[in-house]
Amino acid sequence: MANTYVTIATTTVGSGGASSIDFQNIPSTYTDLLVKLSARDNRSGESVTDVLVKINNSSSNLSDRRLFGNGSGAFSDTATTGRVGVEPGPNATSNTFGNFEIYFPNYAGSNYKSYSADAVSENNATLAFTTFIAGLWSQTTAINQLTFYPAASASFVQHSTATLYGIKNT
Amino acid sequence: MTETLTKIIVDCSTKQETIVPLTAEEIAQREADRIAYEAEKERLEQERLAAEELKASANAKLAALGLTPDEIQAITK
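Those protein sequences? They're chains A and B, same order as listed.
Each step along the first sequence adds one to the number in this note's numbering, with nothing skipped, and position 111 is 111.
Each step along the second sequence adds one to the number in this note's numbering, with nothing skipped, and position 20 is 1020.
The set of hints was computed from the structure by calculation and includes no laboratory data.
None of these values were measured; they are calculated from a predicted model.
Misleading hints may appear alongside valid ones.
What the hints assert, rightly or not - Footprint (simulated), chain A over chain B, 3 or more residues, beta carbon under 8 Å: (1) 1007-1021; (2) 1029-1038; (3) 1042-1048.
Stated by the list, open to error - Below, simulated DSS-like cross-link-like pairs (lysine-lysine); rule was C-alpha separation at most 25 Å, straight line: (4) Lys1015(B) <-> Lys36(A); (5) Lys1061(B) <-> Lys1077(B); (6) Lys54(A) <-> Lys1015(B); (7) Lys1055(B) <-> Lys1077(B); (8) Lys1055(B) <-> Lys1041(B); (9) Lys54(A) <-> Lys168(A); (10) Lys36(A) <-> Lys54(A); (11) Lys168(A) <-> Lys1015(B); (12) Lys36(A) <-> Lys168(A); (13) Lys54(A) <-> Lys1041(B).
Unchecked claim - Some, not all, of what chain A presents toward chain B, calculated at C-beta under 10 Å: (14) Thr10; (15) Thr11; (16) Val13; (17) Gly14; (18) Asn25; (19) Phe75; (20) Asp77; (21) Thr81; (22) Thr147; (23) Tyr149; (24) Ala152; (25) Ser153; (26) Ala154.
For glycine and all other residues, C-beta sits at the position ideal for the given N, C-alpha and C.
When you get a sec, could you build the whole thing from the sequences and use the hints?
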């Protein structure tokens, strides 16, 4: 990792699972933020589930455009739920985790906040997703809190990890 | 035994990590989020199916004009 990257915080989900991972009091001293997420969930009967983000504890004012492939085709769609990618669930290959990179440029500025998210779910089968998402949070407030959570009331399972990096441009 | 839902809070200013049970309000919000997500997902699926139907319909019309499958693919891909 370039020396302009600083690990702000990292966490690993324990044996009880976690409904969300919440980075609070993010300092405003960096240029950009990067989150690397390795995640799997417990949503019964499912191979994949979306992972969503709340910014400053809000799921409002979010919109995105997603490009994705699911093993049988390539598609594009939009949503307002704060999607950052798709993770494997109980019906995916055991002990596999999805990988996410979520980038927030100029997170402490006074303009609307954009993000890009590059993610793959893992599955030794035809159904496996790769997604690229361009997201927008239409608020001018500096980002000081990022909460990641599986959609549909699922929870992250043990050994899921999240690391928040601060990036300076000098 | 009832599952206790928890969340991980990482305070970036202190590096302190805490695991706390969800409050009743947070559990209610989680359920509201689930309902909103399911509705959005259904909307997206309907959109995708409608787009596929349009594509199939367009391809059928092109075929009726005499285009071969390779020719249709060449102009629609």
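Hint check, failures only:
none
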